[in-house]
Amino acid sequence: MKLQILAIALLVCFSSFAQEGDKARLKAEKNAANLVYKANELLEEENYIEAEMEYRRAISKAPNKAVGAYNLANSYYKKGNYGEALFRTEEAAKNATTKEEKHRAFHNLGNILMQKEMCKEAVEAFKNALRNNPTDEETRYNFALAKECAEQQQDGGGEDDKKDEDKEEEKDKENEEKKQDDKKEDQDKKDEGDKDKKDGDKEEDENGKPKDDKKDGKGDDEKNKDQKPKPKPGQMSPQQIKNILEAMQNQEQKVQEKINAEKQKGAKVRTEKDW
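Going by mature numbering (1 follows the signal peptide of the UniProt record, and there is no 0), the letters in the sequence shown line up with residues -18 to -1, 1 to 257, in that order.
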């Protein structure tokens, strides 16, 4: 009998504690809802700083509720702070309990990912939104846009890789050309140095001028005088020209003698030139 009384007493205590806990939770959720409502009004007035503070207070009052994080994410989204908006929306999607809450969270998550040009991830977010509400036309439309964007990014990725490869090849070619130019420049400097060294090795006379092994160039003149110039192809040598002239003179002398002989006989003749 005593055990039964003790069990009943403990049950009453636990029930009382549970009721107190439920009351505290409901009170916190009510306070959080009021804070969210107040923050929404501030957000409409474009008072983003005060609105953010109220949303954060709401989250601290009811951290497991999606509404606070969801609305705070919306405030970040309107300011263009997509990084914070993404974090808070993911938090809201995690804490969402109803299909409607999950649909809204994943829908907004897809919009944020699109703003960050993460189209492939946005496709998955819109898929999750449609799983919770397949009849929402706006989500279906955004899903189609995200899918098209993801396909374009995938196709463009190959072109970007090809451009990168072309740039690498062009860079390698430029480096190779630069190496060749540097090598040629080094060779030119070396040749110039050898030439200066060769010129410096020549002996100088008393006037400081380079001294040749040949004296006054007379040796070359005498040697060149003895050597007969060779005719170029298609040209006659001086000796050939001399022979032709002598033959012409001899022929003219014969013709002249013939004319003189005819004159003595009184006959007229006509001379013809052979050239």
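Take the hints with a grain of salt, since some may be wrong.
Straight-line C-alpha distance at most 25 Å; calculated DSS-like pairs for lysine-lysine [what the hints assert, rightly or not]:
#: 1; residue 1: Lys161; residue 2: Lys60
#: 2; residue 1: Lys165; residue 2: Lys155
#: 3; residue 1: Lys60; residue 2: Lys20
#: 4; residue 1: Lys129; residue 2: Lys102
#: 5; residue 1: Lys129; residue 2: Lys81
#: 6; residue 1: Lys172; residue 2: Lys161
#: 7; residue 1: Lys76; residue 2: Lys9
#: 8; residue 1: Lys76; residue 2: Lys98
#: 9; residue 1: Lys20; residue 2: Lys5
#: 10; residue 1: Lys153; residue 2: Lys129
#: 11; residue 1: Lys9; residue 2: Lys60
#: 12; residue 1: Lys109; residue 2: Lys98
#: 13; residue 1: Lys155; residue 2: Lys166
Simulated restraints on C-beta separations [claimed, not checked]:
#: 14; residue 1: Lys5; residue 2: Arg113; range: 34 to 42 Å
#: 15; residue 1: Lys61; residue 2: Arg113; range: 28 to 36 Å
#: 16; residue 1: Glu99; residue 2: Thr79; range: 54 to 62 Å
#: 17; residue 1: Lys61; residue 2: Lys109; range: 22 to 30 Å
#: 18; residue 1: Asn63; residue 2: Arg113; range: 51 to 59 Å
#: 19; residue 1: Asn157; residue 2: Met35; range: 24 to 32 Å
#: 20; residue 1: Lys165; residue 2: Asp137; range: 41 to 49 Å
#: 21; residue 1: Arg38; residue 2: Tyr123; range: 31 to 39 Å
Honestly, the hints are just simulated from the structure, not real lab data.
Values in this document were obtained by computation on a predicted structure and should not be read as measured data.
Using N, Cα and C, we set each Cβ at its ideal position, and we do this for glycine too.
Hints and how they fare:
1. With a CA separation close to 55 Å, the supplied pair Lys161 and Lys60 exceeds the 25 Å bound.
2. For the given pair, Lys165 sits about 15 Å from Lys155 by alpha-carbon distance, which is consistent with the 25 Å threshold.
3. Straight-line distance between C-alpha atoms of Lys60 and Lys20 comes to about 17 Å, which keeps the hinted pair within the 25 Å bound.
4. At roughly 7 Å between alpha-carbon atoms, Lys129 and Lys102 fall within 25 Å of each other, so this suggested pair holds.
5. Using a Cα cut-off of 25 Å, the hinted pair Lys129 and Lys81 holds, with the two alpha carbons roughly 23 Å apart.
6. A C-alpha spacing of about 16 Å is found between Lys172 and Lys161, which places the hinted pair at or below 25 Å, so the restraint holds.
7. Restraint check: the Cα-Cα separation between Lys76 and Lys9 comes to about 22 Å, which is no more than 25 Å; the hinted pair holds.
8. Between the alpha carbons of Lys76 and Lys98 the distance comes to roughly 21 Å, so the proposed pair stays at or under 25 Å and holds.
9. Only pairs whose Cα atoms come within 25 Å are accepted, and Lys20 paired with Lys5 is accepted, the gap being roughly 22 Å.
10. For a cut-off of 25 Å, the pair hint linking Lys153 to Lys129 is broken: about 36 Å separates their Cα positions.
11. For the hint linking Lys9 to Lys60, the alpha-carbon distance of about 30 Å lies beyond 25 Å, and the restraint is violated.
12. Distance check on the hinted pair: Lys109 and Lys98 sit about 18 Å apart at the alpha-carbon level, within 25 Å; holds.
13. For the given pair, Lys155 sits about 17 Å from Lys166 by alpha-carbon distance, which is consistent with the 25 Å threshold.
14. Between Lys5 and Arg113 the C-beta distance comes to about 35 Å, which sits within the given range of 34 to 42 Å.
15. As the Cβ distance of Lys61 to Arg113 is approximately 30 Å, the hint placing it in 28 to 36 Å holds.
16. Range check, Glu99 to Thr79: Cβ separation about 31 Å, and the 54 to 62 Å hint is violated.
17. Taking 22 to 30 Å as the suggested C-beta distance range, the pair Lys61 and Lys109 conforms, at roughly 27 Å.
18. Taking 51 to 59 Å as the suggested C-beta distance range, the pair Asn63 and Arg113 does not conform, at roughly 28 Å.
19. About 57 Å separates the C-beta atoms of Asn157 and Met35, a value inconsistent with the hinted range of 24 to 32 Å.
20. For the pair Lys165 and Asp137, the supplied restraint of 41 to 49 Å holds, since their beta-carbon distance comes to about 43 Å.
21. Range check, Arg38 to Tyr123: Cβ separation about 33 Å, and the 31 to 39 Å hint holds.
The structure does not agree with the numbered hints 1, 10, 11, 16, 18 and 19 stated previously, though it agrees with the rest.
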